[in-house]
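Asks: Residue numbers (this note's numbering), protein chains in the order written: chain A, 1 to 250; chain B, 1 to 250.
Simulated from the structure, these hints should not be mistaken for lab results.
The structure displayed is predicted, hence computed values, not measured ones.
Careful, some of the hints might be misleading.
No distinction is drawn between identical chains; accordingly, a pair holds when it is met within one copy or between any pair of copies.
Pairs of lysine to any residue residues, derived as SDA-like cross-links and limited to a Cα-Cα distance of at most 25 angstroms, are as follows [claimed, not checked]: (1) K96 to G107; (2) K96 to L11; (3) K96 to G53; (4) K96 to S64; (5) K96 to G17; (6) K96 to P244; (7) K96 to S229; (8) K77 to P232; (9) K77 to E194; (10) K77 to N90.
In case you want the letters, here they are:
Number of protein chains: 2
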Amino acid sequence: MTLSVEPLTGLPLFHPGDNLAAALAGALRRLAAPPADGDILVVCQKVVSKVEGRYVDLRAVEPSALARRIAAETADKDPRAVEVVLRESNRIVRMKSGHLIVETGPGWVCANAGIDASNTGSPDRLLLLPLDPDASAARLAEQLSRDFGIALAVIISDTWGRPWRVGLVDFAIGVAGMSPLRDHRGEHDLDGRELQHTIIASADALAAAAGLVMGKSAAVPAALVRGYSAPPGGGSGRDLLRDPETDLFR
Amino acid sequence: MTLSVEPLTGLPLFHPGDNLAAALAGALRRLAAPPADGDILVVCQKVVSKVEGRYVDLRAVEPSALARRIAAETADKDPRAVEVVLRESNRIVRMKSGHLIVETGPGWVCANAGIDASNTGSPDRLLLLPLDPDASAARLAEQLSRDFGIALAVIISDTWGRPWRVGLVDFAIGVAGMSPLRDHRGEHDLDGRELQHTIIASADALAAAAGLVMGKSAAVPAALVRGYSAPPGGGSGRDLLRDPETDLFR
Numbered sequence: 001m002t003l004s005v006e007p008l009t010g011l012p013l014f015h016p017g018d019n020l021a022a023a024l025a026g027a028l029r030r031l032a033a034p035p036a037d038g039d040i041l042v043v044c045q046k047v048v049s050k051v052e053g054r055y056v057d058l059r060a061v062e063p064s065a066l067a068r069r070i071a072a073e074t075a076d077k078d079p080r081a082v083e084v085v086l087r088e089s090n091r092i093v094r095m096k097s098g099h100l101i102v103e104t105g106p107g108w109v110c111a112n113a114g115i116d117a118s119n120t121g122s123p124d125r126l127l128l129l130p131l132d133p134d135a136s137a138a139r140l141a142e143q144l145s146r147d148f149g150i151a152l153a154v155i156i157s158d159t160w161g162r163p164w165r166v167g168l169v170d171f172a173i174g175v176a177g178m179s180p181l182r183d184h185r186g187e188h189d190l191d192g193r194e195l196q197h198t199i200i201a202s203a204d205a206l207a208a209a210a211g212l213v214m215g216k217s218a219a220v221p222a223a224l225v226r227g228y229s230a231p232p233g234g235g236s237g238r239d240l241l242r243d244p245e246t247d248l249f250r
Numbered sequence: 001m002t003l004s005v006e007p008l009t010g011l012p013l014f015h016p017g018d019n020l021a022a023a024l025a026g027a028l029r030r031l032a033a034p035p036a037d038g039d040i041l042v043v044c045q046k047v048v049s050k051v052e053g054r055y056v057d058l059r060a061v062e063p064s065a066l067a068r069r070i071a072a073e074t075a076d077k078d079p080r081a082v083e084v085v086l087r088e089s090n091r092i093v094r095m096k097s098g099h100l101i102v103e104t105g106p107g108w109v110c111a112n113a114g115i116d117a118s119n120t121g122s123p124d125r126l127l128l129l130p131l132d133p134d135a136s137a138a139r140l141a142e143q144l145s146r147d148f149g150i151a152l153a154v155i156i157s158d159t160w161g162r163p164w165r166v167g168l169v170d171f172a173i174g175v176a177g178m179s180p181l182r183d184h185r186g187e188h189d190l191d192g193r194e195l196q197h198t199i200i201a202s203a204d205a206l207a208a209a210a211g212l213v214m215g216k217s218a219a220v221p222a223a224l225v226r227g228y229s230a231p232p233g234g235g236s237g238r239d240l241l242r243d244p245e246t247d248l249f250r
């Protein structure tokens, strides 16, 4: 079946307390065809964080000695911003040449704890990841499913770098209404050989696909995926996190 | 613009020497609309490797002492298969609990050097990655662009695991007719702040999107992406590889 990924356009800039679900519903109504059962809405974390008021005012942040030392290693780091990253981190995975890859409270491993300095409305403001992206996804899924009388899945995405490879792609951090993983273990290949290690990170691939129409400087913070039969059942963005004990790279 | 990802169906099982371009052209002609200028064909490496005869017969492989020692660490490893992985590797990135993450000759970092044991037609046969996936992509792009009188881009993809995250997604290893990266540096965000670290791995995101319609056990080895304005210019799958000197995870 052909899969389609439609950008949701005409959305405003969002501010704390704005009704994101209502704005997304409006954008969905402007599509040529309404969303249907099983469609998947991918929403970038930035607008979720904004309506949830996840801002930090750098003017109120006192950097620790460690934050000052890390910032001093490179020319373009603000020690207060480093301090905010450290506060959001469970563990520092790599710290070198001005790069700070950390494991955040919920377990995401990404640069600078996923904290965003662009499009925040002020040079003194940083934007943290949503506190509970699964809950954010569930609220949107519930409201929009009710509005349209369908079962809509929602993925909250963020844009991250990867080890070994150049460039950013979008990943899923919050998931509602679908399982983020498709498990092919126990199925057989064309030779009848059992597939052994084949669990597909469907939600990450959906986030990456949505990222293709969202762009970085344009104001397209969401996209609707149609024609993909998502893995059924519930699930959490945390299902995509490897157990740190068995992760070879933490 | 809405992006679409169409599976190419009705393709046969491939064997060494088969004309893959002709078979893909046939499948493209069966689509409801013919491919157009700027469309992107994603082809999984397995069929490319098959027509290029990249098989290794395990019965002819004599494992080294190192391969035997690595295989002995886990119950389900064949020392001859480990030997083939070592022969394809420049460097062992991680070796633990039966997992072997290596840097291959061309520089891909992946488990087991990307060598495939499923769908190879025999338990004694392994399938290596294409020798030069860019060249494979270029041959397909040239032939199919000529057949349809268009400029078609081609990505050769493979399905890999990732550090920190559960599950596999598809990545680009060969690219022709487009740049694999979209560079937003120098552009400005909605506040007028310059985007500093924003290079998007478009080809990886396109491979991930195509993976959503290709499936693992089904015989859908290619997909056509329409409606994506690919970064212009040429490029190589190797553009997606971080310089090992600046890679924090090698």
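Asks: Taking the hints in turn, state whether each one holds.
Replies: Now the hints, each set against the structure:
no.	hint	result
1	K96 to G107	both (20 angstroms within a copy, 22 angstroms between copies)
2	K96 to L11	neither (38 angstroms within a copy, 48 angstroms between copies)
3	K96 to G53	neither (31 angstroms within a copy, 43 angstroms between copies)
4	K96 to S64	within (18 angstroms within a copy, 37 angstroms between copies)
5	K96 to G17	neither (38 angstroms within a copy, 48 angstroms between copies)
6	K96 to P244	both (21 angstroms within a copy, 14 angstroms between copies)
7	K96 to S229	neither (41 angstroms within a copy, 35 angstroms between copies)
8	K77 to P232	neither (44 angstroms within a copy, 33 angstroms between copies)
9	K77 to E194	between (50 angstroms within a copy, 15 angstroms between copies)
10	K77 to N90	within (20 angstroms within a copy, 35 angstroms between copies)
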